[in-house]
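Novice: These are the residues of each chain, in order.
Protein chains: 2
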Amino acid sequence: MMYGLLGSPVGKSWSEVLFNRIFELEENNNIYTAINVSPVTLKRLMEKMDVSFQGFNVTIPYKEDILRYTENRDPLVWKAGVSNVIKREGNGFTAFNTDYAGIEELFTKNGVRVDGKRVAIAGAGGVARIMIYYILTNFSPDTMHIFTRNPEITRKKIKGTWQYGNMKIRSYDDMEKYDVLINCTPLGMNEDDQSPFSPYFYDEKATAIDLTYQYDETKFMKYAAESGGRAINGRDMFFRQAEETYRIFFMDECEREIFSRARGDTLKWMTERLS
Amino acid sequence: MMYGLLGSPVGKSWSEVLFNRIFELEENNNIYTAINVSPVTLKRLMEKMDVSFQGFNVTIPYKEDILRYTENRDPLVWKAGVSNVIKREGNGFTAFNTDYAGIEELFTKNGVRVDGKRVAIAGAGGVARIMIYYILTNFSPDTMHIFTRNPEITRKKIKGTWQYGNMKIRSYDDMEKYDVLINCTPLGMNEDDQSPFSPYFYDEKATAIDLTYQYDETKFMKYAAESGGRAINGRDMFFRQAEETYRIFFMDECEREIFSRARGDTLKWMTERLS
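Sequence lines, in order, name chains R and V. Each step along the first sequence adds one to the number in this note's numbering, with nothing skipped, and position 68 is 68. Each step along the second sequence adds one to the number in this note's numbering, with nothing skipped, and position 86 is 86.
Hints were generated in silico from the structure; no laboratory data involved. No experiment lies behind these values; they were computed from the predicted model shown. Be a bit skeptical, because a hint or two may be false.
Short, incomplete list of chain V residues facing chain R, as computed with Cβ under 10 Å [said to hold, decoys possible]: (1) M1; (2) T33; (3) Q54; (4) N166; (5) D173.
Note that the Cβ used here is the ideal one computed from N, Cα and C, for glycine as well.
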């Protein structure tokens, strides 16, 4: 059976390497392909692909558009309006979202708590929306500010979805200092990427949480170290989401030892390739 | 049936848009997918993919590696040692190369002749090797210099393949002026790419031939205009190669009117997207 990733670009994702390694260790014939889809062909692909395609991860820019081609939605997808995993069920696809599980893993494994903290979130896309939802349902931050390049557009999109006293949508020109900074933009996937926040935003001992996972340390993370604080990349989140994806695709957990070996090999291959 | 492109990165190719448009106009169920393959999964993909996959274009960095997974080779593939199209035939894949047909179209359609000219070629990869072969079998240039970042490595690779009195392998530091400059590197696929040659290399009224096709005019092409000469991009070559690919996949010509409409739509969509 075929599984894969739909998006554009898809070349930075580690999913292809991880899942093919899992399938290899499981000694089955499954394949995972990273498919780069241009906007004019998404429709054809979703309508014409044959039943050997059983499920896909979905990435930028199709996390919302994909819902036009799905029959059913997981409750979290209804809430977020975005899906990052689809699975063939019956005559159509069902849409899921694994961001919540991934974010929960990242916060709990690293002991991050944001009660009473000043939180800044960069980006307002799909994963940022689940981040906001996760924080508001688990913590009471002092302030939560969401930074985007177009605050007006973001305000219209997010308004009415969440109500929180100290939540504001701001532009990167509104400089203020924060305790916890979270990068929900794709900046950091490529080696030379800038940080969404300048060093000015980092209060002393700031915690930086980067949802990108390609590099050990991004510029965004480096600034936290320079503030005397700490930084966490998105790898725990990535692997937790992959476990969830596996569970959705195969309605079963991936065998612990296999997942652990595949995780190790993926980390090794991908970090060697990037260094 | 499934067709596609294998490589990394694949996001800049126009093939996916062109072929899906052709299939749409032909009203069949074929799909063309651009699959981004990492080096550790090429083997699995070639061994495990099911028979619904009938053929692929192959791009950087697998034009040589793909030959490990093919049973038969077209004569041009034997000569060049690289393949850019594979097709399922019998129990395995047969390797083809459409570069010669594409280069021939580019030269003849634009009336380019290089007899007695001083020719500089940037790059020594798969397409460069077919370019050298095409020029040597059709013209007698005054000099033909091949520029690479590692002339020593290129010398070892190309030595013995072609003999030509005035052919030299040089580094970009060896500055000299040329009448005809040909870009066989991927520089020019991305908007901010530099030119492989500095303006110094362009003699007065130089002709620049760029095998990249994504932009109307690349920096490499601009320098030719500044020399008072002319510049040609790789679009004629791209579409000619697509016709050849179609012929290989379906053992038949694509209907003239359909190809022409698909070509026009692809140009329109892709240039709109890039501008």
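Novice: Could you tell me which of the numbered hints above are not met by this structure, giving the numbers in increasing order?
Specialist: 3, 4 and 5
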